[in-house]
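*Asks:* Just so you know, the sequences run in chain order A and B.
Residue numbers for the first sequence, in full-length UniProt numbering: 1 to 174.
Residue numbers for the second sequence, in full-length UniProt numbering: 1 to 174.
Warning: the hint list may mix true and false statements.
Copies of the same chain are indistinguishable here, so a pair counts whether it falls within one copy or spans any two.
[As the list claims (entries may be wrong)] Taking lysine to any residue and the SDA-like style, the derived pairs with C-alpha atoms no more than 20 Å apart in a straight line are: (1) K172 / R98; (2) K100 / K149; (3) K172 / P80; (4) K100 / G164; (5) K149 / E85; (6) K149 / H16; (7) K100 / R82; (8) K172 / N130; (9) K131 / Y160; (10) K131 / H16; (11) K131 / G92; (12) K149 / P19; (13) K172 / T65; (14) K149 / D20; (15) K149 / G18.
Simulated from the structure, these hints should not be mistaken for lab results.
Number of protein chains: 2
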Amino acid sequence: MTTPDLTPLAGHRVRHPGPDDHLPVLAVLDTWWGGLGGDEGSRQRALLLPKLMFQHFTGSSFLVTADDRIVAFLIGFLSPSRPAESYIHFVGVDPAERGKGLGAALYERFFAYSRAHGRSTVRAITSPVNKGSHAFHTRLGFVTEAGPKEVGGLPVQPDYDGPGLDRLSFRKDL
Amino acid sequence: MTTPDLTPLAGHRVRHPGPDDHLPVLAVLDTWWGGLGGDEGSRQRALLLPKLMFQHFTGSSFLVTADDRIVAFLIGFLSPSRPAESYIHFVGVDPAERGKGLGAALYERFFAYSRAHGRSTVRAITSPVNKGSHAFHTRLGFVTEAGPKEVGGLPVQPDYDGPGLDRLSFRKDL
């Protein structure tokens, strides 16, 4: 479908996020990440997820809520400059809600939306230390792109997002 | 024009940025900002300007070079979710090249590109401490949106981009 599928998931409401969801999402991230990195970790997550994502990429993004509690979200967009690509920027699922396929279902909905808009490739990245993210993307059919460095058996793109900001780069053909 | 104007500016070449420009742009930012904030400042600038901007928003963005030296850039996009808006995310001009109207000219080109795509509003934000940015946007016809807080006589949006990340919010009607 050309608009994202917003039917409920695991009994939870699915909708597009908006600007008012920005600070609540940052707050649950601190909880879900267990306060990883303290104030500095929190600041880094905020910088990775600026409000602009909740203003300008809402139509291609998903927020899952139980009552008013945020349980999962996916921020993604159709690439304006690469007409055959779409990009998943940030995904989070409440640890208490994991194992129900919520994250995978949001990815599948984003894939369907991407296909409906003529996209043949989806890209995403993650930190090399995030083994769980690598396993998740591999299960969903993403390939980890070859890189000049290896960390824990995985191909790494050094300084991908800036000096010292190494990343794994995932690609899936739709 | 429906594609951005890439004619030279002040004798300098103007082109779209690409992924290979990402690390060089981050490097010149450290120089232009005088190393402000040390390693942490550098990391924050990198997080504000992730590689995705140089992959997926290139067609609406500008890079100005003298020989191979980067002298200015503008990263902006047409909002996918708000069809009447466009957004300028990050702009930098080499301090040695200031006073030649390079920054203003890039903004004007982005305005023209936005108008050609039916956009009637352009938005941008900056840090409340950046008086120079406020003066620059005001000269270009931006209004600083009313906010619940005031810092140095300017209306501030508290926690705009996350806890402790206050911003000035600029809006210009095209």
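*Asks:* Tell me, please, which holds for K100 and K149 at an alpha-carbon limit of 20 Å: within, between, both or neither?
*Replies:* Classified as neither; 34 Å inside a copy, 43 Å across copies.
*Asks:* For the identical chains here, do K149 and D20 meet the 20 Å Cα criterion within one copy, between copies, both, or neither?
*Replies:* This pair counts as between: shortest inter-copy Cα distance 18 Å, intra-copy 40 Å.
*Asks:* Is it within, between, both or neither when you check K131 against H16 at 20 Å Cα-Cα?
*Replies:* The answer is neither: 28 Å in one copy and 35 Å across copies each exceed 20 Å.
*Asks:* Given a CA cutoff of 20 Å, do K172 and T65 count as a within-copy pair, a between-copy pair, both, or neither?
*Replies:* neither (27 Å within a copy, 35 Å between copies)
*Asks:* When Cα atoms must be at most 20 Å apart, do K149 and G18 count as within-copy, between-copy, both, or neither?
*Replies:* Neither: 38 Å inside a chain and 22 Å across chains, both beyond 20 Å.
*Asks:* I want to check one pair: K100 and G164. Are their C-alpha atoms no more than 20 Å apart within a copy, between two copies, both, or neither?
*Replies:* Neither, since 34 Å and 35 Å both go past 20 Å.
*Asks:* Give the relationship of K149 and P19 under a CA distance limit of 20 Å: within one copy only, between copies only, both, or neither.
*Replies:* Between copies only: 19 Å across, 38 Å inside.
*Asks:* Between K172 and P80, at a C-alpha cutoff of 20 Å, which is it: within one copy, between copies, both, or neither?
*Replies:* within (18 Å within a copy, 22 Å between copies)
*Asks:* Could you figure out if K131 and Y160 sit no more than 20 Å apart (CA to CA) within one copy, between two copies, both or neither?
*Replies:* within (18 Å within a copy, 32 Å between copies)
*Asks:* Within a copy, between copies, both or neither: where do K149 and E85 come within 20 Å Cα-Cα?
*Replies:* Neither: 25 Å inside a copy, 41 Å across copies.
*Asks:* For K172 and R98, with the copy left unspecified, which applies at a CA distance of at most 20 Å: within, between, both, or neither?
*Replies:* neither (23 Å within a copy, 43 Å between copies)
*Asks:* Within a copy, between copies, both or neither: which one fits K100 and R82 at a CA-CA cutoff of 20 Å?
*Replies:* Classified as neither: same-chain Cα gap 33 Å, cross-chain 33 Å, threshold 20 Å.
Checked against the numbered hints above, the structure breaks hints 1, 2, 4, 5, 6, 7, 10, 13 and 15 and satisfies the rest.
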